[in-house]
Amino acid sequence: MGRRVLITGVSGFWGTELARRLERDPEFEYIAGLDVRPPPADLSRTEFIRADIRNPLLSKLLPQTEVDTVVHCDVLLVPEPGKAPSQLHDINVIGSLQLLAACEKTETVRTIVVRGSAAIYGAEPNAPEFFTEDMARRFPLRTRFQRDIGELENYFENFARRFPQVTVMMLRYQPTLGTAIDSPLTRYMRQSVVPTQLGYDPLLQFVHAEDAVSALEASVRRPARGPVNVAGEGSVSLSRLLRLAGRIPLPVPAQLFGAALGAGARIGLARLPPEAVMWLRNGLTVDTGRLIDEVGFRPRSTADAVDDFVAELRGRRALPDRPVEGVGASA
Amino acid sequence: MSLDRHDAQRERARRLRLDIERSAPPGRAPEARRPAPSRGDAEAARAALDFLGLLREATRQGSDLPAAVERAAGTLPASARDIARRAARRLRGDYTQDEWGFDEEFAEIVYPVFELMYQRWWRVAAVGVENVPSHGQALLVANHAGVLPWDAAMMSVAILKHHPLPRHPRFMVLDWAFRLPWVSAFMRRIGGVVASPYNAIRLLEQGQLVMVFPEGSKGAGKPYSERYRLQRFGRGGFVELALRTGAPIVPVAVVGSEEIYPKLGESRLLARLTGAPYFPLTPTFPWLGVAGAIPLPSKWRIEFCEPIDLSHYGPDAADDRALIFELSERVRDTIQEAVLQNLVARGSAFL
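Residue numbers (our numbering), protein chains in the order written: chain A, 11 to 341; chain B, 664 to 1014.
It cannot be assumed that every hint is accurate.
[What the hints assert, rightly or not] The calculated label-pair distances, taken between Cβ atoms and stated as ranges, are:
#	chain 1	residue 1	chain 2	residue 2	range
1	A	Pro261	B	Gly955	23 to 31 Å
2	A	Gly160	B	Gly1010	53 to 61 Å
3	B	Phe849	A	Thr118	53 to 61 Å
[As the list claims (entries may be wrong)] If you want a taste of the chain A side facing chain B, the calculated C-beta under 10 Å gives, among others:
#	residue
4	Ser54
5	Phe58
6	Glu134
7	Phe141
8	Pro205
9	Leu208
10	Asp211
11	Gln215
12	Ser249
13	Ala255
14	Gly256
15	Leu260
16	Asp297
No lab work stands behind these hints, which were simulated from the structure alone. Predicted, not measured: the structure shown is a model, and the values here were computed from it. Cβ coordinates follow ideal geometry from the N, Cα and C atoms, glycine included.
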């Protein structure tokens, strides 16, 4: 018997892409997608269920699908079209609660995979480099989003404790880097002048855009219990990233950075979430051993993600970047 | 340990030695490399002007800054051209950093500054450098003094300069430093990491040379009258690291570092205002401002003692508190004794 999967947030980038990949594999005999707006038309055998994840009706809907795997992609790291910023908390926390209530009623569920965030570790100056999964909550959760993620992880942890027969997997994602992705980070990196914090050069870590969904797919195929970090191995410093991308850094005194971002957003520059202030000051890197060893998936390294991102960025520029390539560059 | 890493090490050794040979008669080498002694200041100025002109030309034509520097570098004399090319390459982001943010090229760019301090300012005598393992993990444990981690820098220079197979050691830095602008970025680039057992274990497992200062800020902040009396070695965390990873401990005695900032007192108020673990008052600091942070030119001796191998205890011994304290005391005694011996061997503190 094949597997039956339900994907929440199926109309978002992650949900759609995952559904598209699972559709290709006959092992997944049934795929359902839950969202408030329809997914792109090219999903052929995914059954679209138009429902709000926060609706208590979910507890009636889910058991009827008889799915064995629930992939929770409707965790919003950033506002998406059709989902206002003020709804983020609602969708992330209340939505997850409703989903868990529904899972409780659905006896067929054996696996839950959640797309969470590495923001739970916190970007702190005194943090060790390369957080392992057991090092969450060592630092205060400072922003709304961090607290939401913390709360969400609590719910899923409790659920895992109460229902040991269900494998609950919490994927802690580092930011995704790719030109196909429209996120505050990629908008920030697209600006020709990029505000940075004076005197700070954080170590950052990314997931290659293509690996982001592959990690999700690998987790559906071979779930592991508990939290698993998802990131490309290694790191890149912000200054080097900007140099590679040919961006001009605009250093702002660190204390004013948050205010500068707010002001910048008002005049049309990229809007960054509040956790970006600490993130772009102290950086955040995680250990990816569990993903590689237990899930058996090795994402492209952060360096590769950066290389591909930069190459795509440069490819899209209207003017050739270095017209005299080969004259001096060969030396 | 892969073969090419050995090769890289040897290559570095060769390069460093070349550097040293080149700078051996200080001040003379750069002159010798200049193309012609007749080339006057006017010509140099003209070269610089040509360079700037070309730079402007190139940026106007639409190349970005690194490419423009690259193009304009052709007008410069050979030595300056290499520097300009390297700068251009680095501006393009074309350099490597390891996962800790350590930038070997950058470390080698600042190395001459540290080397100058090592040779001219503190006239360091290094003993027993060959006791530092040339490959694989090892924990360098040293006494700590001086407000700024000059002792770590000088230990690095001693290894890079005198070891047959030199490699850049990594050092643990008090997390307070990682809150500071510039300091945090600089430390990371030259091999500093936040003082955390997780970082130390990861570095050791990667086969690195890791420097720790178990006295911590208590050592760095001890008053002048307490110099060369080692403080308590914390909870012996470094022994735990060595037991867990099987890394040998190399005790290191640093003499001279404890005179560079004679701390006479401290200000609690200023410490609280700056968030620093302590705020030292020396004869020159903070009265002379930044100039007060110039270290005194004491004479230094650094002794690398024989490695202590703890691997026969096995990793489970890392949970044995009594053993940890005992070993920690043993290492502390070794360092204290070596410090006193070297203090005698050094003689006068400043001359």
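(message) Holds or violated: the hint that A/Asp297 contacts chain B, with Cβ atoms closer than 10 Å.
(response) For A/Asp297, the interface hint holds, since the closest Cβ of chain B sits about 8 Å away, which is under 10 Å.
(message) Just to be sure I understand the hint, the distance between the Cβ atoms of A/Gly160 and B/Gly1010 should be within 53 to 61 Å; is that true here?
(response) holds (60 Å)
(request) Mind checking the CB of A/Gln215 against every CB in chain B and telling me if the closest is under 10 Å? (result) holds (9 Å)
(request) Classify the hint on A/Ser54 as holds or violated, based on whether any CB of chain B lies nearer than 10 Å to its CB. (result) violated (42 Å)
(message) Holds or violated: the hint that A/Leu260 contacts chain B, with Cβ atoms closer than 10 Å.
(response) violated (15 Å)
(request) Classify the hint on A/Ala255 as holds or violated, based on whether any CB of chain B lies nearer than 10 Å to its CB. (result) holds (8 Å)
(request) With chain B as the partner, please determine if A/Leu208 meets the hint condition of a C-beta pair closer than 10 Å. (result) Nearest chain B Cβ about 6 Å off; hint holds.
(message) Checking hints one by one. Is A/Asp211 an interface residue toward chain B, by the C-beta closer than 10 Å rule?
(response) Cβ of A/Asp211 sits 4 Å from chain B, so the hint holds.
(request) Under 10 Å, Cβ to Cβ, is where A/Phe58 needs to be relative to chain B, so tell me if that hint holds or is violated. (result) This hint is violated: A/Phe58 lies away from chain B, its Cβ roughly 42 Å from the closest one there, beyond 10 Å.
(request) Using 10 Å as the Cβ threshold, decide whether A/Ser249 counts as touching chain B. (result) OK, holds: A/Ser249 within 10 Å of chain B, min 8 Å.
(request) Hold the hint about A/Glu134 up to the distance rule: shortest CB distance to chain B must be less than 10 Å. (result) At 9 Å from the nearest chain B Cβ, A/Glu134 passes the 10 Å test, so the hint holds.
(message) Just to be careful: measuring from the Cβ of A/Phe141 to every Cβ in chain B, is the smallest value less than 10 Å?
(response) holds (8 Å)
Against the hints set out earlier in the document, violations occur for numbers 4, 5, 8 and 15.
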